[in-house]
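Participant: Since the structure of chain A is already known, use the hints to place chain B on it.
Here is how the chains run, residue by residue.
2 protein chains.
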Amino acid sequence: MHLVTPPLSGERFQVIYRINGSYDEAMAKAQDACIEQTVEFPADLLPAGDIPNHIIGRIEGVNKSFNDFNDITISYPVEDAGGDLVQLLNVIFGNTSIKPGIRVEKLILPTAILSKFQGPRFGRNGLRSLLKAPARPMLCSAIKPMGLTSEQFADQAFQFASGGIDIIKDDHGLADQPFSPFRERVARCAEAVQRANAKSGSHSIYMPSLGSRADQIIEKAYYAKSVGAGGFLVPPGLVGFDIMRVLADDNSLALPIMMHPSMIGSFVTCPTTGFSHYTLFGQLTRLAGADATIYPNWGGRFAFSREECISIAAGSQEDLGHIKPIFPTPGGGMTIDRIPEMLDVYGKDLIFLMGGGLHRIKPTLVESSAYFRNLVENM
Amino acid sequence: MHLVTPPLSGERFQVIYRINGSYDEAMAKAQDACIEQTVEFPADLLPAGDIPNHIIGRIEGVNKSFNDFNDITISYPVEDAGGDLVQLLNVIFGNTSIKPGIRVEKLILPTAILSKFQGPRFGRNGLRSLLKAPARPMLCSAIKPMGLTSEQFADQAFQFASGGIDIIKDDHGLADQPFSPFRERVARCAEAVQRANAKSGSHSIYMPSLGSRADQIIEKAYYAKSVGAGGFLVPPGLVGFDIMRVLADDNSLALPIMMHPSMIGSFVTCPTTGFSHYTLFGQLTRLAGADATIYPNWGGRFAFSREECISIAAGSQEDLGHIKPIFPTPGGGMTIDRIPEMLDVYGKDLIFLMGGGLHRIKPTLVESSAYFRNLVENM
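Protein chains in written order, with the working numbering: chain A, 1 to 379; chain B, 1 to 379.
Please keep in mind that the hints were generated in silico from the structure rather than gathered at the bench.
Be a bit skeptical, because a hint or two may be false.
Note: identical chains are not told apart, hence a pair may lie in one copy or across any two.
To be verified - Okay, derived cross-link-like pairs now, DMTMM-like style, lysine to aspartate or glutamate, Cα gap no bigger than 20 Å in a straight line:
{"id": "1", "residue 1": "220", "residue 2": "367"}
{"id": "2", "residue 1": "106", "residue 2": "249"}
{"id": "3", "residue 1": "106", "residue 2": "44"}
{"id": "4", "residue 1": "362", "residue 2": "44"}
{"id": "5", "residue 1": "99", "residue 2": "308"}
Excised from the complex, chain A in its bound form:
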């Protein structure tokens, strides 16, 4: 009789998996996940006692969701997750990610798990205070295209800020390329935005992308802050979710973070693997400390549906204990004419992200930005 030492608390967290196949097939896959996500060991060889009784996953409920899918809830002891995000992800969807026909639909996390995380430092209220935008939707744009010089990017950043864009971010493709090295670009763009703020009385911030070498992310973040950057764009698909948490938790940085979905698409584009939009862009992004979650709005250049986008907005605000709600930031081919429809669906707690589309409206970026800001403020 093997008893786990120290004794387990008895507290468990739950994962709802959406599983393809008949009821019997789905139950077989769920029973398999109970083992695969924990002990990864033949059930008949487990030592009797706590391991088969408590350490392995336990099926808590089954709901027919639609057609060939069943939603099966599995619980795991909080101790399996070992107190950090990486191990939590490992238990949620480690080896099971390699099996077809199963995806993570929703996480149900007790205080014993949530208390391990600080979550977003700013969240919706904090970002609104920082940007002096107590109630209106906020605006974001990106300096682009790749291939311009840092001077040209700084000019764009100045115009965006002068026209009233709240958050001016690096296009996610900008890194440390020879035509615009990271340090040069960040210093120039941060300075340009501060100059525009001083001139116009606005409170815009510049967010460089930290899609960077693993051993340079923290150092680049500190550099960016030192030259006046006002936040960070972080692509967890490229650099991992937990480094975003490290940046968010760092009291010496203490700047807002936007999650960028580069390379993360494979986790959501296939309905029979990965994560639901709700969990990936909502729950996990909040646990990992982002204050805003960027995703492609329906009807743009990408293929997320209206319902998937609405589920992201739900995941960005639904109850997650003390973990703050964050801003849905739909983009990906947005244009001015979409604003009324988006406000109708999302309400005012969102950040409009318009990139290329902003270059078409008026002769200059400052005029286009001002037009965009005015339109959003008066709707």
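Facilitator: Leaving out everything else, chain B in the frame of chain A:
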């Protein structure tokens, strides 16, 4: 007329994308990727000159692959990739990951890209030298199940090493749980393997898992080395590919690395998104510095096909300039009776990974391990 400063070298790397749909549909998706993966900007608004002529992707060829798929080769200037793995991945499959019906099939990387990477420190020859196994297939097993104490894991590790298992790794689910804290487990298991080596004259190594908080991975690696660990198990799906490269490149660590596929499955289980098995488990894993690539063999608990496994073995050794070939390490429900078939398919340049199956063969783990070793040596 916008010229890029400094001027581009003219060297380009290629990505072969497998794209779903008719020829016309596939070409439209490819043209879209040429923009999306680089400038992410309306083509008609790009300043004339280098950006549309050279910075954006360029379609280099189309091959009908099978049924509804076309393989389309797109080239990008090496400068877009900015000299590091994170930005290279960003250009290969950043935003395009969010679009359905397109996956990365193969990378064709010129010296200008490959020279930025050291790749595996050991590779096949280096690992064979280290483990004093000049020609035979090597053996790997894992301490498990989660829920045992560090003392029990150390006893398993001692038995595995005494029986001739070359690499004894943490089960990937073992992290920093209360029932076996990381430092305690690593110290005990490393000591146990060294004790077994001293007694039996073998050269086994213990590899703890670094599926850990982003801000603790390097520190845990140094700790592990200081107490005698002989390598690292790294799950890039959980912690990012580039931190594996950082560990591999670190001359003060200088220990071999095995790639574990936890949470990476969503990139390969769906045939219309993500990466091919060849690229993910072969090319990217080598670029990121692993000396062995772990994946589920066909016919075990997972669903990779025989052909997919063979393509991983091909990706583990095919030409990648100075980047060394590495060991395919098929596991995931392997049993003794599979050995002849696996040797037939893979040849002797492989690591057999048997976990749970090893607990069934003989009354003790040391006997089972010795039986397994003997069987493999005499085939």
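Participant: For every hint, state whether the structure bears it out.
Facilitator: Results for each hint:
For the homomeric pair residue 220 and residue 367, neither the shortest alpha-carbon distance inside one copy (32 Å) nor that between copies (52 Å) is at most 20 Å. In this homomeric assembly, residue 106 and residue 249 never come within 20 Å of each other (Cα to Cα): the closest approach is 24 Å inside a single copy and 38 Å across copies. In this assembly of identical chains, the alpha carbons of residue 106 and residue 44 never lie at most 20 Å apart, being 30 Å within a copy and 42 Å across copies at closest. In this homomeric assembly, residue 362 and residue 44 come within 20 Å of each other (Cα to Cα) only across copies, at 16 Å, whereas the closest approach inside a single copy is 70 Å.
Taking CA atoms no more than 20 Å apart as the test, residue 99 paired with residue 308 passes between copies only; the shortest distance there is 14 Å, against 23 Å inside one copy.
Hint violations for this structure: numbers 1, 2, 3, all remaining hints satisfied.
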